[in-house]
Every structure is written in C-alpha cells, then in structure tokens.
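If you follow the hints, you should be able to join the two separate chains into one complex; please do so.
The residues making up each chain are set out below.
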Amino acid sequence: MSEHILLPEGSIEKLTTTLNLGPTHPATHGVFQNILELDGERILKSTSTIGYIHRAFEKIAERRPLYQITPLTDRLNYCSSPLNNIGWHLTCEKLLGLKIPKRVDYLRVIIMELSRISDHLICNSIVGVDSGAYTGFLYVMQFRELIYEIYEEICGSRLTTTIGRIGGFERNFTPAAFQKIEKFLKEYPKQLKEFENLFTRNRIFMDRTIGCGPISAERALNYGFTGPNLRAAGVDYDVRVHTPYSSYQDFDFIIPVGKTGDCYDRFLVRNEEMWQSLSIIKQAYEKVKEFKGADAEVFHADTPAYYLPEKADVYTKMEALIYHFKIVMGEIEMPIGEVYSSIEAANGELGFYLISDGGRTPYRLHFRRPCFIYYQAFEELVKGGMLSDAIITMSSLNLIAGEMDA
Amino acid sequence: MLNNDFIKQKLIEKFSDQLTDWDEPYDMLTFTVPASLNLKLLQFLYDDTELNFQFLTDLQAVHYPDKKGAELAVVYHLHNLVDNLRIRFKVFVDIENPNVFSATALYRSANHMERETYDFYGVNFIGHPNLIRILNVEEMDYFPMRKEFPLEDQSRIDKDDEMFGR
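Going line by line, the protein sequences match chains X and C. Taken in order, the first sequence gives residues 1 to 406; the numbers are from the working numbering. Taken in order, the second sequence gives residues 1 to 166; the numbers are from the working numbering.
Looking at chain C on its own, in the form it has when it is part of the complex (with noise of 0.2 Å):
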C-alpha cells in the first residue's frame, strides 16, 4: 500500500539530498524542490509504476517577501487516483528571475493554471506555448498579487489597522 512514508523513501533514493523541508500538514506529503529538477520530478512521479501520479489538481504561487533570493513559491499538487493519496511540492524562485520549466508537455491543465501564475506572480513558466495574461487585462504591467500591493489604499489614517485585521 502507498503511503507517505514509501514516497519519501523512494524520492530520497532516486533524488537523494536535492529534496528538502519533508513535511506532513494535514497528513499530506510536502517538500521542497530546486527549480532545475522540477520538471524531472514531475515526470519521475508520473511514469514509476508505483508512485503512479497522473493527475495534475492544482498549481499555484506564493509570494513571500521576506525570503530574499527565493520570495515566490510554486506550489503542485499532485493526485495519485488508483491509490487515492495526494502529495504536494513547492519550487521556490527568485523574484528577480523567477524561471520554473513548465509542466504543459506533461499536463494539458498545467496550461491555464500556469498563466494565471503568470498573471498574478510573474512567475515565467519555460517553454510554456501560451504564457499571456488570463485573466487580467493584457495592458497590465505588474503582477497584483504579489505582497507588495496591499488592498487596502496604505494611506488612509481613519482605518487603524490594529482593529481591523491586517
């Protein structure tokens, strides 16, 4: 039977040390990977016949500016049907030059969810076909969900930020 622990093991075999913060939230498997071996991961993953991870759930960022040379985060997450167990991964990036392979040769899916990271990150999924703004507008020049733009206008003073959340 597939379980978190036969993952790790079998990842730490074929991936040795490249592969760190092995975690468990929630009783899902989560690691981190560098971004040159995303792509091989993702294809280790899909063609070993017991890891068996074909389906693509979800793909996203995560923007943290205080991890200065890797601030965004692109998270995967995996869904092994047959044994019905999920994994997710996270590649983090410069905000500099946040190059990531994409997964669209692998994963047709991969195909939007990529350009709204694009569009809300900036993150620059290599050799993606399409990589052009989803849905925001195409004139836009800056990626909005990145922390550095607040949503509520910094210069109002009636609304103290210690009442009202964040």
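With the rest of the complex left out, here is chain X (with noise of 0.2 Å):
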C-alpha cells in the first residue's frame, strides 16, 4: 500500500479514487467535508474541509450583555447544551467574582452530569449503528429523552436549553423535577448494563473497533486531545479533577483511563464514565436532601446586577424594577478582566477565554472547542485504513459540528 504511486490529478492513468465523504452524508453525523483518496477501499489520504455551520459566534459576543450569550453556547455542542450553558455562566461568575451557595453548585452539577450521560449515550449508541448494530441507538433513546424531560422540568426547554442564569437557576427545581431525576437513577442503571451487555463482549463489534483509529498518549497530548479520547489514550486529565469548579471536590468518582486509544477503548472510556457520572449524581441528590428548610429554597446567589428579579417584585419594588431594566437593556457594565475558565464538556475541556474592558458586552471572547482541536487528528488517525473504519473512527470521536465551527 505504501508503495502507491499518487499520480497527477487529471491523469488518465490515475489508478485512485477520490471520495467525497460529506458534506452532507448521513454517515458523517454532522456538516463537514472529507475527501478521501482510495485505493480499493483502503484511505491514501484524507483532505478535511469545515466552516459549513460557522455562525461567527466570537463575533456576535461581542456585541452582546453577558446573558444574552448563553443561548449561542446551547449551540456549540447541541447534544449536551447545559454543559456549555453552566461552563458560561461559570465563566462569568469567575469574572464578577461571586460566591454561589452550595445548594446551586450541587444542583449544577446534577445537571451537568445528566448532560454528559446524553451526550456519551448518543455517542456510544452511534458507534453501534456505524457499526452495524442499529438495536442499541434505539433502545437508549427513551432515556435521552428521560433527560430532556428533566430539562424541560427545570427550564422548559429541550434540545438548546439556556439552562440556568448568572449565579444560579431561573427557579428552584420542583418537587417534579426530583421525582423525574429519581425515575431516571431507578431505571437507567438497568437499561445502561443492558446496552453494556449489547456491545462490550459483542464479537462483531469487537472485530470491528479493536485497533481501529488508534492514537499513542504522546500524539494524543501533541495534537490536543482532551477528554474521553485522550483517557481513552491513557492520560488521566480531567478538569473536574484537576481544577474542580462547582464543587466537584465533593463528590467522589474515578477517571476510567484506556490504554490503546482506540474505537473499543474510547467506548469502554465513555461507558465507565456514565456510571460515574450516575455515582455524582446520587452523592449530589443526597447533598441537596440534606437542604432543610429556608436552605432548600436557595436556587442562585445574590447577585442582583446580573441576576433578572422576582417579576411580582419588579411590579412593586423600585430596586428591582431598575435592576430589571439594567439587566433587559443591556445597561449593567462589568468590571476589567481577563479569565480563562473551563469546564469538563462532554468531549473534553470546553474553554471560554473572556477580555472585558470594562463595558456592557465582553471586548473579546473566544471558545476553546475541544472538537475543533482533536479533529486534526482524524486525517492521521483513518489514514492506511478501511473506509468503514474511517466512519466508525469518525463517530468515536464525537465529533459535533456546531461545536466545530462555533
């Protein structure tokens, strides 16, 4: 193979196929381009091509008060939005240095842990599909939708949730929100172990994953992987670990590290993470029964500047009714800063680099997109191996492409 000849392009002679794979192919799972060059069906070379849904995002914060940006992080990665929306508000949080009660940051991290559980069930359930087992997509889906249902409890909405506001939530989780959340800890554990029992010792997607799109720890670090892919290399970076945000000390779970970095690793990596994640779940609800009384009402900080007042106060207190108007025009200015705060998303560490010069809206403010960076990799990670491979790797990777082009 090696010793292919790559002939000119035009050539009558050319013995190679060029593939476009995407952008628009179903097997890519999102909008971006690779032209493949095949020799039979084994991968010369692979030219990537991304932008399709850039939404100059960076461009439009610009212009923009600090809460009106959150509804354009639910869109960076869209399979795991309350993850992008609590790192963002975290972001600023940092930056107007504020102090969030416990009850909020167990609440968040309740949340943020539901979020990774989707967003990793959605990814591991793809691999099956692309590898041929459409059972297991279909039989976890209705615990996605357990999720979105919490979510929707919480905050109304769904899919891009804007979940929750500068130093807190918009209101206290309700009575129905706990049930939902202890519906899903009941049953989910059961389904979960039965998707594991689907795929993990499963020959056939055993024989197709092990060894497909490996990558050593070194090159993985090189080429900036962070998250599941690099754990899946061997590297135990976690950010919820070594920079705990929303009290993450708390909790007690591990970081299940692969070895090879491969398709089978990177799923074995994601599926120990979901019970993790389940663990910090039940130690977070434990930590938020404990709440008694006026405790359990608290749902945000006090941090009137940012934080949009009670409506029926906006109607009777002076106070409120300026803050509220500060807060919906857009009037409050925030103090000089520059931070760099980020968070454990569910592809790895999603970064907000944040320059305020002292205005209303931030001077500068710029995503570090765990995907936009690992995806370097992928033309060196399918190269010398099979198509079918390459969409396989494609989908291990999990590649978002709203969190891609940003």
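Just so you know, these hints were derived from the structure itself, not from any lab. All of these numbers come straight from a predicted model, not from anything done at the bench. Cβ coordinates follow ideal geometry from the N, Cα and C atoms, glycine included. Worth double-checking, as some hints may not be accurate.
Selected chain C positions facing chain X (in silico; Cβ < 7 Å) [as the list claims (entries may be wrong)]: (1) Pro25; (2) Tyr26; (3) Ser36; (4) Asn38; (5) Asp58; (6) Asn80; (7) Val82; (8) Asn111; (9) Arg115; (10) Ile132; (11) Ile134; (12) Leu151.
In structure tokens:
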C-alpha cells in the first residue's frame, strides 16, 4: 500500500478513487467534508474541510451582554447544551468574583452529569449504529428522552436549553423535577447494563472497533486531545479533578482510562464515565436532600446586578424595577478583567477566554472547542485504514459540527 | 512545588528583561513576549524539566485598534499537566506586518488554531504548513474579527447605541 504512486490530478492513468465523504453524507453525523483518496477500500489520504455551519458566535458575542451569550453556547455541542451553558455561567461568575451557594453547585452538578450521560449515550450508540448494530441506539433513546424531560421540567426547553442564569437557576427545582431525577436514577442503571451487554463483549463489535483509529498518549497530547478521547489513550486528565469547579471536590468518583486509544477503548471509557456520572448524580442528590427549610429554597446567588429579579418584585419594588430594566436593556457594565475558565464538557476541555474592558459586552470572547482541536488528528487516524473504519473513527471521536465550527 | 513566582524567576533568568507586562489576573501568570522570541520561549517551556509546559490549551488573537504598532495580540495558553498549572503569554504585532512564528512544529494542535487565527485576524504564521482559511469561505478578502468591522450596520439611525450596549 505504501509504495502506491499518486498520479497527478486529472491524469488518465489515475489509479486511485477520489471520494467526497460529506458534507451531507448521513454517516458523518454533521456537516463537514472529507475528501478521501482511495485505493480500493483503503484510505491513502484524507483532506478535511470544516466551517459549513460557522455562525460567527465570537463576533456576535462582542455585541451582546453576558446573559444573551448563553443561547449562543447552546449551539456549540448541542448534544449536551447544559454543560456549555453552565460552563459559560461559571466563566461570568469567575469574572465577577461571585460566591455561589453550595446547593446551587450541587444542582448544577446534577444537571451537568445528566447531560454528560445524554452526550455519551448518543456517541456510544452511534458507534454501534455505524458498526451495524442499530438496536442499542433505539434502545437507549428513551433514556435520553427522560433526561430531556428533566431539562424541560427545570428550564422549559429540551435541546437548546439555555439552562440557568449567571448566579444559579431561573427557578427552584420543582418536586416533579426531583421525581423525574429519581425515576431516571432508578431505571437507567438496568438499561445501561443491558446496553453494555449488547456491545462490550460482542464479537462482531470487538472485531470492528479494536485497533480501529488508535492514537498513542504522546500523539494525543500533541494533537491537543482532551476528554474521553485523551483518557482512552491513557492520560488521566480531567478538568473536574485538576481544576475543580462547581464543588466537584466534594464528590467521590474515578477517572476511567484506556490504553490503546482506539475506538473500543473510547467506547469503554465513555461507558464507564456514564456509571461514574450516575454515581455523582446520586451523591449530589443526597447532598441536595440534606438542605432543609430556608436552605432548601436557595437556587441562586445574591447578585442583583446580573440576576433578573422576581417579576412580582419588579412591579412593587423600586430597586428590582431598576435592575430589571438595566439587565433587560443590557446596561450593566462589567468589571475590567481577563479570565480563562474551563469545564470538562462531554468532549473534553471546553474553555472560555473572556476579555472585558469594562464595557457592557465582552471585548473579546473565545471558545476553546475540544472538537475543533482534536479533529486535526482525524486525517492521521484514518490513513491506511479502511473506509468503513473511518466512519467508526469519526463517530467514536464524537465530532459535533456545531462545536467545531462555532 | 511549581508556582507562578518560580516560573517568573526562571523565565527572567533565561530571557532577562525581554519578557514584559508581568501580571496575574485571576491567578494565571500572564506576560508579553516579543514576536521574535515566541518560538524560543515555547521550546524552552516545553523542554525544561521543571517547567514542563507541554500542552497547548488555546491559541487566539485579540485586536486592539488603539495600540499603534502593536494592534494584534496573539495569546497562548499553556498547561503543565503534571503540576497542573496554566500560564498565558501574548505576542503583540503590527497589523501592517503581522508575522509570528508558527508553533506547528512543536504542537500539532496549533495547526487548526493558527489557521483560525489567520482566518479571523490575518495573523501570518511563518512556517505553518497550510495557512489557509478554515471556517470562512476562501474567497473572503478581509479578516472579519478585526474591530474595524462592527457587527451592526453603522448607517442605521433607528437604534441608539447609548441604549443598546456598544
């Protein structure tokens, strides 16, 4: 294969096939293009083109007050919007130097881990679909639905959630929300176990994924991998442990690591992370239940300049009316500062680099999108492999076009 | 234990007074490097056994139209994964002549990030293997994230900027 000679463009003797994988191919699960040079079914060269759904979020953010940027973050990794939303709110809170009550931290942890589960669930079951096992995908879909119902109960929307606000949540979790979380905690482990049984020791699945798209730890680090993909290569880097945010230091969990960094290890790491997330949710829920009386009513920090006041207060209290007006009109000046804050999103380290010059909108906002950075390795990962392996590699890297193109 | 003071000391020893604007906003060590030195600094931070900054977290640019002769700042975020410490440094370049050495030889992850920075700010990374636009269309002949392209149409008079943010 390596001695194959590439003939010049347009040559009549050209022996290789050029294939456009994407931008609208169903197997790419998103809008991005790969121009593959194929020798039979083997990939000699791949060239990626991205940017098909670039929406200039960084530019738009330069004209928006902080709270209006939250809906933009929804549309980064749309499989786990709450993670992006809360990551952004944490960045704002870091800039403003706010102190967040413990209960809010724990509620956020519940939401973040739920969305991590929903993201990994989709990714892992899509790996199954691409290797020919459609059953798992349909099987777990109802559990993503349960998670979306929890979001719906808390913030009113499902996919692009815009959950919470700077300082906490827009309203306290209702008893119905807690019931739904309980239901999920009760029913999901059984289903996840079955999902695992379907794949983990499945001969066909193992043959298809073991040794497919592997990457060594050094290469992965050099390529800027983070998240489950890096951990599958054997590096135990997790922002939740390295730089705890939102009180993650209060929880007991392990970071699963793989060894070879191939599709199978990525699958196993994601699976184990779902178990860990479940355990974190349980712990957080226990902690939330410990708050009694007035403490159980705390769902946001006291930051009147950024947190919209109660509507009833707006009509009856002068101060609330002023803040309401100022927030809605985007007239709040933020402190001067330069802050980098990151969270462990479902795909890796999602960073926000925010520069404020004391105006009403960010002077500069940059999203460090994990997908965008590790997608560079794709060309190397698939080189020399089969076309069908490239498809599995793509889905097991969990490439989300929205996050890649911002 | 590695800390900001130690890193600062070590870097001053090596590069003396060429590194300027030392600061620690939100506990992250920040400083400025002349454009000619950025690669040497990256290499030193990478190779030094005590510093060990071997992970490039982020790379992007910022435009400051008011700083004449140093309008564009390229910002690097590095991470030492062993001691878990981050630093940030900036390279200021003239917008008329925005040449910065590419970090792609050291970090493969810099490839896309530098292309993105070129795409939006027009920073010319010397030594980049494939410096073309990445997110915008190739026919574009301007760099859209520069501040001379305000988002709203400036000819509109029905929207008062005093009221609606900047």
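Consistency of the hints with the structure:
no., hint, result
1, Pro25, "5 Å, holds"
2, Tyr26, "5 Å, holds"
3, Ser36, "24 Å, violated"
4, Asn38, "18 Å, violated"
5, Asp58, "5 Å, holds"
6, Asn80, "11 Å, violated"
7, Val82, "10 Å, violated"
8, Asn111, "5 Å, holds"
9, Arg115, "10 Å, violated"
10, Ile132, "10 Å, violated"
11, Ile134, "6 Å, holds"
12, Leu151, "4 Å, holds"
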